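Going by the working numbering, the first residue of the sequence shown is number -2, and it counts up by one from there.
The hints are simulated quantities; they were obtained by calculation from the structure and are not laboratory data. Model, not experiment: these values are computed from the prediction. Among the hints, a few may not be true.
[Stated by the list, open to error] Result set (PhoX-like, lysine-lysine): computed pairs, CA atoms no more than 25 Å apart in a straight line:
1. K277 with K265
2. K210 with K79
3. K277 with K203
4. K191 with K167
5. K234 with K167
6. K277 with K292
7. K361 with K131
8. K361 with K419
9. K438 with K361
10. K453 with K203
11. K247 with K191
12. K359 with K291
13. K90 with K34
14. K359 with K448
15. K327 with K292
16. K448 with K419
17. K79 with K34
18. K191 with K210
19. K323 with K292
20. K126 with K34
21. K131 with K327
22. K359 with K419
23. K265 with K242
24. K126 with K327
25. K203 with K359
26. K79 with K90
27. K131 with K242
28. K234 with K247
29. K277 with K291
30. K323 with K291
31. K242 with K167
32. K277 with K361
33. K131 with K326
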Amino acid sequence: MDIDADLLVIGAGAGGLGLSSVATRLGFNVVLLESGKMGGDCLNYGCVPSKALIACAAQAQSLRVGAVFGVGSVEPQIDFAKVMDYVASVVSKIAVHDSVERFESLGVRVIQSAGTFIDENTVMAGEHKIRARKIVLATGSSPLVPNIPGLSDIDYLTNESVFSLREQPKHLIVIGGGPIGCEMAQAFSRLGTKVTMLVRSRVLSKDEPELAKLLKDNLVTEGITIHENCGIDSFSKDGHNIIIKTSTGKVVGTQVLVAVGRVANTDKLNLSNANIAIDKGYIVVNSRLRTTNKKVYAIGDVIGHHAFTHAAEYQVGVIVTNLFFKIPKKVNYRAFPWVTYCSPEFAHVGLKTAEALSLDPKGKTLTWSFTSNDRATTANTTLGKVIISVNARSVVVGASILGPNAGDLIQSWTNVIANKRKIGELANIIVPYPTYAEINKRVSGSYFTDKLFSNKVKSIVKFLYRL
-2 MDIDADLLVI GAGAGGLGLS SVATRLGFNV VLLESGKMGG DCLNYGCVPS KALIACAAQA
58 QSLRVGAVFG VGSVEPQIDF AKVMDYVASV VSKIAVHDSV ERFESLGVRV IQSAGTFIDE
118 NTVMAGEHKI RARKIVLATG SSPLVPNIPG LSDIDYLTNE SVFSLREQPK HLIVIGGGPI
178 GCEMAQAFSR LGTKVTMLVR SRVLSKDEPE LAKLLKDNLV TEGITIHENC GIDSFSKDGH
238 NIIIKTSTGK VVGTQVLVAV GRVANTDKLN LSNANIAIDK GYIVVNSRLR TTNKKVYAIG
298 DVIGHHAFTH AAEYQVGVIV TNLFFKIPKK VNYRAFPWVT YCSPEFAHVG LKTAEALSLD
358 PKGKTLTWSF TSNDRATTAN TTLGKVIISV NARSVVVGAS ILGPNAGDLI QSWTNVIANK
418 RKIGELANII VPYPTYAEIN KRVSGSYFTD KLFSNKVKSI VKFLYRL
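Please model the complete structure; the sequences and the hints are all you need to start from.
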């Protein structure tokens, strides 16, 4: 069956769904292809189920630490099957918004099939031959499974299978120390599983080192065993146990979660038929997200630039501006934030400290601890710190936050960095007391402390006071 479309979108994750919705509401004839589950990785295997599991784990942990508040601490009784039922129920509630039925009701033609290029603007999807004026690839990514001897012989887990568990692992070995590895390690540990992490370099190696170490130390305090700078030589089975030989010894557990990275989903597309270039497995795009084929664009994980749902959503806006409104717009990730949803949360935007000082040695680094935040003190959530990078012109260029609600607190810094504003912008705002948000005002104000209380200023103030 031949189909002609204004726009063909391949992939129904956050980016593909968002773009399809906007395009059809603008009056375009849109065809959407998806061979897997609607909602993509984020809804089914990533953001949504992981945060639901983390919420369950937080409830369990709260029972253990009640004594400090005068509420008896108890070891929670975990019904793991019901925990996973809750996770599934959360996914189901949100899935309604991403369903085939909803998008067809909007006017999108949804075909549940993979797509394969046969030429530069024609795609086969099952029995359908689709010709489109423009095509957007939003096929996402899959877990990277390293080529390590014995790994293929064990029943390992990834983010695509871990949320289908019905029996609680006795000893989970997490391979990888990135956001997925850290979040899942802490969640399973708080739910009563013994957890060991094997990390090739250091925990959260892409984040601010000082804060990453604070988080790692807290994970260890909660009972997680972490081996950093740890290479893996092989996997083998011994009955119900899995044996991992490492560069430093041997680790024995009952299940393995592989969380070492992602690989772009391009294998079924036949990109060469459409003259679309790839680099290290990812689709090559320019600053306007166009591929080497002028009729084809790409967004999301498949291009390898910030593998986050909010990155894909941002890229949708760039595509819409360029494709439909013909207004040239380039991607700009200078103020791109991300969050690791451990406890405490870890958020970052802009440059890290070393990067900022390398670019501007005369810049300043500001810090403030949550131990000096009254709201954190009342809630006994004082573990954490804010680190802010400011250039020589007082413009904020980077922010990292480890602490309660860091994912929400980072937004103030995202706005400041995006608009190239000076540190005084946050120092001068009025913040309700007591709130966690005060920490942003306090660390901003610290930039002016030395100047405000200098001998020169004191002399001027004393003179003015006598007038």
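Right, here's what the structure says about each hint:
1. K277 with K265: holds, 16 Å
2. K210 with K79: violated, 33 Å
3. K277 with K203: With a Cα-Cα distance of about 19 Å, the restraint between K277 and K203 holds, given a limit of 25 Å.
4. K191 with K167: Answer holds: K191 to K167 is near 6 Å, not above 25 Å.
5. K234 with K167: holds, 15 Å
6. K277 with K292: holds, 22 Å
7. K361 with K131: violated, 47 Å
8. K361 with K419: holds, 12 Å
9. K438 with K361: holds, 16 Å
10. K453 with K203: Violated, because 42 Å separates the two Cα atoms, which is more than 25 Å.
11. K247 with K191: Distance ~16 Å between K247 and K191 Cα, so the pair holds.
12. K359 with K291: violated, 44 Å
13. K90 with K34: OK: K90 and K34 at ~15 Å, within 25 Å.
14. K359 with K448: Distance of about 16 Å is within 25 Å: holds.
15. K327 with K292: holds, 17 Å
16. K448 with K419: Holds - the C-alpha atoms of K419 and K448 are around 16 Å apart, at most 25 Å.
17. K79 with K34: This hinted pair holds, its Cα atoms lying about 23 Å apart.
18. K191 with K210: holds, 21 Å
19. K323 with K292: holds, 14 Å
20. K126 with K34: Status holds; Cα separation ~22 Å.
21. K131 with K327: holds, 18 Å
22. K359 with K419: This hinted pair holds, its Cα atoms lying about 15 Å apart.
23. K265 with K242: violated, 35 Å
24. K126 with K327: violated, 32 Å
25. K203 with K359: holds, 24 Å
26. K79 with K90: With Cα atoms ~16 Å apart, K79 and K90 stay inside 25 Å; holds.
27. K131 with K242: violated, 50 Å
28. K234 with K247: Given that 25 Å is the threshold and the Cα spacing comes to 13 Å, the pair holds.
29. K277 with K291: holds, 21 Å
30. K323 with K291: Roughly 14 Å separates the two Cα atoms, so the pair holds.
31. K242 with K167: Holds, at about 19 Å.
32. K277 with K361: violated, 37 Å
33. K131 with K326: Distance of about 17 Å is within 25 Å: holds.
When held up to the earlier numbered hints, the structure conflicts with 2, 7, 10, 12, 23, 24, 27, 32 and fits the remainder.
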